[in-house]
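Visitor: Chains as they are written, first to last, in the numbering used here: chain A, 878 to 1280; chain B, 878 to 1280.
Just so you know, the hints here were simulated from the structure itself, not pulled from any lab data. Honestly, I wouldn't trust all of these hints.
Since the list gives no way to pick out one identical chain from another, each pair is judged satisfied if it fits inside one copy or across any two copies.
Once the Cα atoms are required to be at most 35 Å apart in a straight line, the calculated DSBU-like pairs of lysine-lysine come out as [claimed, not checked]:
id, residue 1, residue 2
1, 1042, 1167
2, 1233, 1266
3, 1044, 1177
4, 892, 1180
5, 1180, 1043
6, 1233, 1142
7, 939, 1180
8, 965, 1044
9, 939, 1167
10, 1167, 994
11, 939, 927
12, 994, 1233
13, 1228, 1072
14, 1046, 892
15, 1266, 1228
16, 1072, 1227
17, 1072, 1043
18, 1042, 1227
19, 1228, 963
Keep in mind it's a predicted model, so treat the numbers as computed, not measured.
Protein chains: 2
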Amino acid sequence: MDLPSLFSESALNLKSSKIRELLKMAGVPDMISMGGGNPDSASFPFEEIKTIIGSWSYDRAKAALQYGTTKGYVPLLEEIADWMVKRKKVSMEGQDILITTGSQQALALLSKLFLNKDDAVIVELPSFIGAIAAFYSSMGRIEGVRLDEEGIDIGDLDRTIADCKKKGKTVKFIYTIPNFNNPSGITLSREKRQKLLDVSRRYDIPIVEDDPYGELFYDGTVEDYLPVKRLDSEGRVIYLGTFSKLLSPGLRVGWIVADGELVAKLELQKQSYDAFTSTFSQFIACDYMKRGYINTYIDKMRKVYREKRDAMLGALERYMPEGIQWTTPKGGFFIWLTLPGEIDAEEVFKKSVERKVAFVTGDAFLPEDYARNYIRLAYSDLDIDRIDKGIEILAGVLREMIG
Amino acid sequence: MDLPSLFSESALNLKSSKIRELLKMAGVPDMISMGGGNPDSASFPFEEIKTIIGSWSYDRAKAALQYGTTKGYVPLLEEIADWMVKRKKVSMEGQDILITTGSQQALALLSKLFLNKDDAVIVELPSFIGAIAAFYSSMGRIEGVRLDEEGIDIGDLDRTIADCKKKGKTVKFIYTIPNFNNPSGITLSREKRQKLLDVSRRYDIPIVEDDPYGELFYDGTVEDYLPVKRLDSEGRVIYLGTFSKLLSPGLRVGWIVADGELVAKLELQKQSYDAFTSTFSQFIACDYMKRGYINTYIDKMRKVYREKRDAMLGALERYMPEGIQWTTPKGGFFIWLTLPGEIDAEEVFKKSVERKVAFVTGDAFLPEDYARNYIRLAYSDLDIDRIDKGIEILAGVLREMIG
C-alpha cells in the first residue's frame, strides 16, 4: 500500500543525517576514524558495573527490572540534585530534575514543548547535529550566531535576536554548549557567561545549556567550567546533563534541571515519548554515583583525554601544511579545522577515506548553504599512535589538494 | 521568567494522565494494587541476566557500553527477524525492523510520522492509555470503535471509517491490540483477523498492531494468537513487539516490523528522539534470545499468570454482587469490569483505596465523556492470596454502593 501518501507534514520534512551516512563509511575495518564522538571504549567502567549489579539484593533487582516512573528513580534524582548543588554550584531552589533517555531526548522534549512551526532557535555556528535535527523535527528554524575564541559572540547574538524581533520571528530559546562545544571545541569564557545571561534577561528568552563534557577539562580549574545555570536565579536556564561521557552512552541516561513547572510539563511529554527511562540503567547510574566510582572515573578520564588531545595537537603542529587553522580545546573530544576557503571538506573526506582515515565534514554542524571548508576531528576513542598516523595521512591529503 | 508564555500549541494541549495520578495513590504501603499492568516481579530472570553480563568478553562489554546505531544492534535485529518468521509466521519480505525504546516509543514515532493536527486514528473502546496519549500528543483525534466478545466490532469499524470519510476527516491508521487487549482482556477471533485486514484494504488505511501479550496465552493454541500481520502481504500492518513482558520492562526494548521504507523513515525520526536504544539493554535481550532463556521464561510465565487469572476469576465469581459483569481473558494481564450504569468508578476507587485496594478506573482508557462505570483489574503482579483478598474487599465496596 502507499504509506507515504499518509505521512504528516513533519515526516515529509525529515532528512537523512549526513554524519550518519559518513560514519557508515567510517565503520570499515582498519579505518582510523576521527569521526564519531565516542568516549574511550578501553576505559569504560565495566568491572564497576558488574560489581554494582552483583551487589543488588533480590528486591533491588526486582525494582531495577520493573516499570519505573516517568520522572525518574528517586534515589538517582537525589544523587543528581546533590551533584548539581555541590559539584556544579547550582541552586536547586524552584528547580526540579527530570531523567531523560540521553540528552537527545531532552532536546526532543524541549523542541516539542516550545516550538511551533517556523519558531526560531538560536544556535552557535557550528553546533551539535543532534540538537539541530531535533529543532528541525519540530519544524523550527535555526538562527546561527558566530563563535569567537571565547565562545558565542555576544554582539552577534544581540543583533540576531533583535533582527528576528524586527522581522516578527518568535525566538523560543538560545541553545548553547558552553564547555568545549561540539564540534568546535571552543569554550565560553567566564566573563561571557554572565553576558549571555544578560542577553537572555534583556529579551526574556530562556537558555538551553547542554553540558555533556563539562567535567572533562584538561586546562584551567573547575571554576572556569561551572554552568551558566549557576548564575541564574530566575529559572531562565534549562540545564542538560548526561552520563554518556561520565559512565557510558550505551546506558542512555541523561537529565534536565529546570524550573519546576517546566519539568512537570516535560514529564507529561515524556510519558507519551517512552513512558520512562530504563530503570536498570538508572539503578546502575545511581549506585555508580553513590559508591563514588564517578569521581575516580572522571579523574582518570581527564588524564586519558588530555594525552589524546595533546597528541592530536602535536601531530597537527607537525604535519599540517600552511593555511590550515585549528582550535585548541581546553576539554571535551573535538578539534575543529578551518581549511582554505576554496577547499571542499567533502572532497577531502573522499580522498582520506580511500587512505583509511575518516572524520566528519563541518557542514553537518552548520545550517544549509553555509561554508564547506570545515572539518571536525575527534580524538576521544583513538590510540595515540593512530591519532598521529591519522593526522599524518590527513595532512598528506590536504597538502596535495592545496598544491 | 514566564516560560509557559513560550509554550507550543502542542504543549498547551498536554494533560496529566489520570492513571498515573491514581497509581501514585496506589503506591502506599500495604495497598493491594490491581492498578499497574506490571509483570510478575518475583519471576524476573535476574540470574539469567547476570549470567549473560558475566559472560561478556572485554570487547563485547566495550560495545555494549558504547554508542549504537539508531536502527538497532544487528545481531538482535537478526534474532527478532528469525522470531517473527518462525514463531509468529510473519513473512519478512519487503519488511524491516526498527528497535524502539519500548513500544511507547513506537507509538510516539508512528504518531509523529502519520498525524497532522486533527487527523483521526481508530482505536478500540477501550484501548491502551499510552497509545491514546501518543495520538493526542501529535494533535490527532480519537475515533472509538466498540469491542464485542470476539474483538473489534467489524460493522462498527466499517461505519466509523465511512462516517469519517463522509465528514472529510482523514483516518491515518487503525490501532488495535488483538491479543488480550489492554485494558479489556478481549481477544480478536481468528475469523475476524482476516475481516479486519479486509477493512484495511477496502479503505486503504494501515493497521498498527500492538502485541505485547501475544505469547502469554492461557487457553487455546498458539495458532489462535498469531498476529494479524501474518495474513498481510501488502505491508499494510505495522507490528509492534516488546521485551517488556517477555524479559523486563525496565530494559526498555521494543521493536517495529513494517514496510522497509516506512522503517527507514521511522529510523530518521528516532534519531532526533533518542538517537538509539540502550545498547546495554539490547545486548542483554539479544543473548537472552540466543541462549533460549526466552522460551523457558515464556513457558513458566504462562503457568504463573494462568494461576493468577484463575484466582481472580474465581474470586470474582465468589464475591461479586449481582449486576457486575466481567471479561474472561484468554491471556495477558487484565480483567475488565462493567458496573451498573449509575455507579461511578471513581467513587468506587475512593472507597476502595480507603480499604487499601487500588485499581484503575475505566475512563482512563476511553475518550472523554464516555461512560464512567468501568474498572480495570490487573492480576499480573499480585500473589494469589492478595488477589483473593483484594477482590473480596472491592466486592464489599460495590455491594454497599449498589445497596
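Visitor: Checking against the hints above, which ones are violated?
Guide: Hints 1, 3, 4, 5, 8, 10, 12, 13, 16, 18 and 19 contradicted; others consistent.
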